[in-house]
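Number of protein chains: 2
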Amino acid sequence: MVEIRKPILVSRAVELVMQNAKLLATETVTLDAAYGRILAEPIIAKHDVPPFNRSPYDGFAVRAEDTVGASGENRTPFKVVEEIGAGHVATKQIEQGEAYRIMTGAELPAQADAVVMLEQTVEGEGTFTLRKPFVEGENISFQGEDAKEGEALIHKGALIHPGTIALLATFGYANVEVAKQPVVGLLSTGTELLNVDEALVPGKIRNSNGPMIIAQLERMGIGHQSYGMLVDDLDACTKTVERAIAETDMLITTGGVSVGDYDYLPAIYERLGAKVLFNKVAMRPGSVTTVAVLGDKLLFGLSGNPSACFTGFELFTRPAILRMMGAENPYMPYMKATLGEDFTKPNPFTRFVRAVWEMGEAGPVAAPAGFNKSSAVSSIARGNCIIVLPSGTRGFTKGMEVNILLLGAEQGVSKWAL
Amino acid sequence: MVEIRKPILVSRAVELVMQNAKLLATETVTLDAAYGRILAEPIIAKHDVPPFNRSPYDGFAVRAEDTVGASGENRTPFKVVEEIGAGHVATKQIEQGEAYRIMTGAELPAQADAVVMLEQTVEGEGTFTLRKPFVEGENISFQGEDAKEGEALIHKGALIHPGTIALLATFGYANVEVAKQPVVGLLSTGTELLNVDEALVPGKIRNSNGPMIIAQLERMGIGHQSYGMLVDDLDACTKTVERAIAETDMLITTGGVSVGDYDYLPAIYERLGAKVLFNKVAMRPGSVTTVAVLGDKLLFGLSGNPSACFTGFELFTRPAILRMMGAENPYMPYMKATLGEDFTKPNPFTRFVRAVWEMGEAGPVAAPAGFNKSSAVSSIARGNCIIVLPSGTRGFTKGMEVNILLLGAEQGVSKWAL
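Those sequence lines, one after another, are chains P and E. Under the working numbering, the letters of the first sequence match residues -9 to 408, in that order. Under the working numbering, the letters of the second sequence match residues -9 to 408, in that order.
Mixed in with the good hints there might be a few duds.
To be verified - Chain E is faced by these chain P residues, among others (derived, beta-carbon under 8 Å):
hint	residue
1	Gly389
2	Met390
3	Val392
Stated by the list, open to error - Here are the computed distance ranges between Cβ atoms for each label pair:
hint	chain 1	residue 1	chain 2	residue 2	range
4	P	Lys229	E	Lys82	28 to 36 Å
5	P	Glu128	E	Pro192	17 to 25 Å
6	P	Glu232	E	Gly285	57 to 65 Å
7	P	Glu391	E	Ile34	52 to 60 Å
8	P	Gly389	E	Met390	31 to 39 Å
9	P	Asp22	E	Glu109	35 to 43 Å
Everything labelled a hint here was simulated from the structure, so no lab data went into it. For glycine and all other residues, C-beta sits at the position ideal for the given N, C-alpha and C.
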């Protein structure tokens, strides 16, 4: 009576999901709406940066030739003919022994070829003296030294973070071409589920997966369309799923993917003619995680257990969404850490343990974030990373080196390496 | 003529800012608006988790005593009297040799004390047989094993991330007490600044700091109130700053903090009677970063150079905002990394180098993200971390161990350790 499912490796499951993530269209947004989006065009330097030879200091713009021979015993005097504030340009010419007062960021006049810092002078009334010679080009930020006009500075597919915004602003990108964000449908299955504002009744629990996934999407800047909580009724479920798929770019369901009598998702996938990419992954928690495709839409059947649901989203759904937007770095970053506690449970499958990493004396140390069963919610609220414990061993002890996946990192990596 | 400023250490500057960050009030938000906020109350387990003894599998709930003696040669038969779906409770009693069909997540009936997984049975019509005995309590998720009613699970001051949302939902926190977010005023000084939609003209550049800081705030989920770009006119500037301070909880200005003739911020602070905490920090870029206090409001005078402005925000403004909200982990996380490139510039001050870290064979490797001057914008758009190079040495070479600060990390650390 029990369907036997063949587990596939996490890396293979990731690969299958990514192969089936279809690229969305692009759209134009204004710069002030661009933060957090994925660039759909490269950032090209529209002009040299700096756009002109610029003074990096407050001081005086001089002709280097006029400073020859200056010394402590033989201070060279200059007469100031004009003052150039940032944003202003010189209107006068200078001759031998003349100089401009110039402010940080101001354009160097054509006749001057060196900048003397205020601190290097003794000032008088409209005059100053120098005690050392300056060479041509000294203390100048040269036009184009930071970027040349036409240079491609940032690829398309990059995340637009605050630094990216600065670059876009510099080049006058008042509008930016970015990937459209998917419309994500969400529905939680299970007659045992109550809404957050309902009182507990025997046999029931509140739906924590729905709000959690909404927040996981929100963390990515992605909205959602909720299809509520389905009762365990196959016909009603099928209709709702069908409507949700029609109205969205991808669908996330929680629960209903196990092999129990009320686990309707497999039957719904079959009725709708969806192709199941996998329905068992060699991981704990979340081995029942199921992903199917209908047309060009991915259907994520995440486990009803909160930790499994959380992990399934981060491992599979998040990179798929990023891939749909053409992101170049869709995967969670990872690093090595020292295991901070024994974790002796046997691991027939790869185990993903919610954990807290901190910097220790010798490097990062990661310790499980408390009670660790797939049903546990308290540990989810503590972790800032996921420890990845490979399958095929008998357990892990404190001090061993493990890989950790960083949760909530702004920028990811281009390859799934674990 | 030039004011001599005494530089203070970065750690001391951080300390002064944090000491002057005043705690904001709290407010109640609905759960669906709570993501990214700072908890102003602890999360208390409102009930045991699980709230009842629960079946972790699809299978049968039995009395362990009835399974005594079962073996492959002597399979013990059971009669199924009732089926308990998740969210339902048993209505019938069982007697010797009887069992319930039970689904994952369903409440274990009082009379049963063990769960037999479907895979461990051979099913017939309303019956099944077992080939091994079960002990009392086998395969049961016990009431309260994840959390006990009344237990404080998460401190106030914690960031509400998706896992926290799951926990709040579990306990029926339809409303959550969170820290109010500060109203942050923003103004950019400098006559050299153009808006993003303006064409370049000689001597001018577009304002990149304003949009960048707005995005840095947005990354924290914090809005802003813009006071536009001030012209370099002391009276006009003073009035605008005064109004901005009156209307906001804190003020960020960019530019105007150097010692040039048009650097009005020092004069404005003096006119308004603001207490300057520091006006020179032993860091590059951003040594001119100035922070003042007026009443209980912090005034951040960030450098007009984009990289310096960016760094000043991340080092000082961000933790101050988090402290104002009572966040327990206001500082950027850091870790050790191997320097991926020579960085031979001398460092009279601590240097903060925008960089990219990646996982290498032997651990994280961080390399400067391109051209590195405080005016450079292209490197800002590439970095995912900041390399911290201590002062007092002659340069750093590839392969040396350095500390890096992680940019855009969701969760920070409680202490400034660098």
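Verification of the hints:
1. Among the interface hints, the one on Gly389 of chain P is violated; its C-beta lies about 16 Å from the nearest C-beta in chain E, farther than the 8 Å criterion.
2. Hint status for Met390 of chain P: violated, given a least beta-carbon distance of 15 Å to chain E, over 8 Å.
3. At a threshold of 8 Å, the smallest CB-CB gap from Val392 of chain P to chain E is about 13 Å, leaving the interface hint violated.
4. For the hinted restraint 28 to 36 Å between Lys229 of chain P and Lys82 of chain E, the CB-CB distance of approximately 33 Å keeps it satisfied.
5. At roughly 23 Å, the beta carbons of Glu128 of chain P and Pro192 of chain E sit within the given window of 17 to 25 Å.
6. A C-beta distance of roughly 60 Å is found between Glu232 of chain P and Gly285 of chain E, which places it inside the suggested range of 57 to 65 Å.
7. At about 37 Å, the beta-carbon gap between Glu391 of chain P and Ile34 of chain E misses the expected band of 52 to 60 Å.
8. Take Gly389 of chain P and Met390 of chain E: their Cβ atoms lie about 26 Å apart, and the range 31 to 39 Å is violated.
9. Separated by about 56 Å at the C-beta atoms, Asp22 of chain P and Glu109 of chain E break the suggested range of 35 to 43 Å.
This entry does not satisfy hints 1, 2, 3, 7, 8 and 9, going by the numbered hints stated previously.
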